[in-house]
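Colleague: Given only the sequences and the hints, what does the whole structure look like? Please build it.
Sequence lines, in order, name chains A and B.
Take 1 as the starting number for the first sequence in my numbering and just add one per residue.
Take 1001 as the starting number for the second sequence in my numbering and just add one per residue.
A portion of the hints provided could be inaccurate.
Said to hold, decoys possible - From the structure, some residues in chain B lie toward chain A, with a derived Cβ separation under 8 Å:
#1 G1003
#2 I1007
#3 K1020
#4 N1168
#5 L1170
Claimed, not checked - Listed next, the in silico DSSO-like pairs over lysine-lysine satisfying Cα-Cα at most 30 Å (straight line):
#6 A/K114 <-> B/K1097
#7 A/K44 <-> B/K1116
#8 A/K24 <-> B/K1098
#9 A/K175 <-> B/K1106
#10 B/K1116 <-> A/K91
#11 A/K91 <-> B/K1138
#12 A/K24 <-> A/K91
#13 A/K137 <-> B/K1006
#14 B/K1116 <-> A/K39
#15 A/K137 <-> B/K1098
#16 A/K44 <-> B/K1097
Hint data in this document are derived by calculation from the structure and do not stem from the laboratory.
No experiment lies behind these values; they were computed from the predicted model shown.
Ideal placement from N, C-alpha and C gives every residue a C-beta, glycine not left out.
Below, each chain spelled out in residue letters.
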Amino acid sequence: MSKDLWGEVSLDEREENRAIDILKEQAALIAKKTDNYVKGTFYKIGTKLSGAYVGIEAFKNAVKSSIGTVDYSDCEVDLEEKEDYNINYRKELYSFEIYNDEYRFRIFNLSYSKEYPIEIIPDEGVGNDISRNEPIKINDNDALENIVQDIFGSKKVRLVISRMVNQTQERTEQKILEFASKHSGFTKKELAEEMGWSISNTTKRLNELTEKGMIAVKTSKPEKKWEICK
Amino acid sequence: MGGNDKIVAIVKGNIDASVKREQSRYTLYTARIEQQIINICGVHLRANPYASCIDRTITLRELTYDVRSLEKETASDNTIIIGDFNANPFSLEMISKKGLNAVVFKDLIDSHETIKEDGQQLRRFYNPTLRMFSEERKQYGSYYYGSGSETLYWNMYDQVVLRKQLANALIDMKYCKSAGNYQLITQYGLPKKSISDHLPLCVEVRL
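Modeller: Right under this line is the structure:
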């Protein structure tokens, strides 16, 4: 018998690539952490085929188009109905962004495949902050979490978030004051319906403006009503 | 907003304008001018040797994707992209369908505003450089580089591209050689480096 060229074949289950789930969770989290002043989104923006996958697909299509169907009957192993494992290396492009009603900022792109490694391509300024400007190769879920934590903690990301929070706060205040100027003695429910907010969110906004002295409680009974401060 | 520290827009007080998106190399704005919404993108791409043509193509691909999103959001096709592309009008990153997809001939965009690539219909931009710049007008470029054995000497790195909707609205464009009483060029006609290594691009568009 000739030499065994396979080496050690591990039968251990490989770690599942949870990159998409992890990043979707993080995108949802930023809204909670900023009282909905800044929201996050993580979405697919395109498909980037890897070289090998392109080659195999092109070959299959060429064979199919030339003979109609592919006859595997001569193969020792029946390949029909079997999915090509290379599909797990097909690259898809995702974007991680933060946004409010007026403004968006892409923090990084992710070149994703079902199998690790995957790559994060940070915004240039963010990459400068963390001294990692080239596409960052990631080999497992832990490495992904570590690098994303560094990215989120970068000076640029923190600066953009803080300015977005200020911007949203100002706009929200303006909207409430405009509403208040047209509705003397409005209830929390009326404001929530007008703005499309939850009651808890509306309560927070009302408290903020009351503390700033921009609105005040007009009547408390039977229902609390607010008015703009003159 | 902190997303881009390379591009600044200065707008007249009576124009309603806002920043819509910032990335490190470009910023998207909208402006409302006489009931029309204009989408404006200011750009400053990375220069050689810090970036290659492929790097700039990737940035421009992202830029065009973001511009398309903004055009959908504003329901306006009045789009202008202006700035320092660090590439000439015929460079790969400018003309490639995978890059900016900008054509230099108005007839091309007039007849076919979109082109199919990889199963997608991609909208083109119009690059008016050939129409506007020439030896007759003594408009050679915005950046001069005379070293090396393969230099063009004058480069048109600072450019403007427009969607078809604004192609006919372009009145004039030029690289300014003076600003008021200040000369921006030396006695040899080169950019005065004490002011800037680029000549500014002035573009007039009438809506």
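Colleague: Tell me the hint numbers this structure goes against, listed in increasing order.
Modeller: As far as the earlier hints go, 2, 4, 5, 9, 11 and 14 are violated by this structure, in ascending order.
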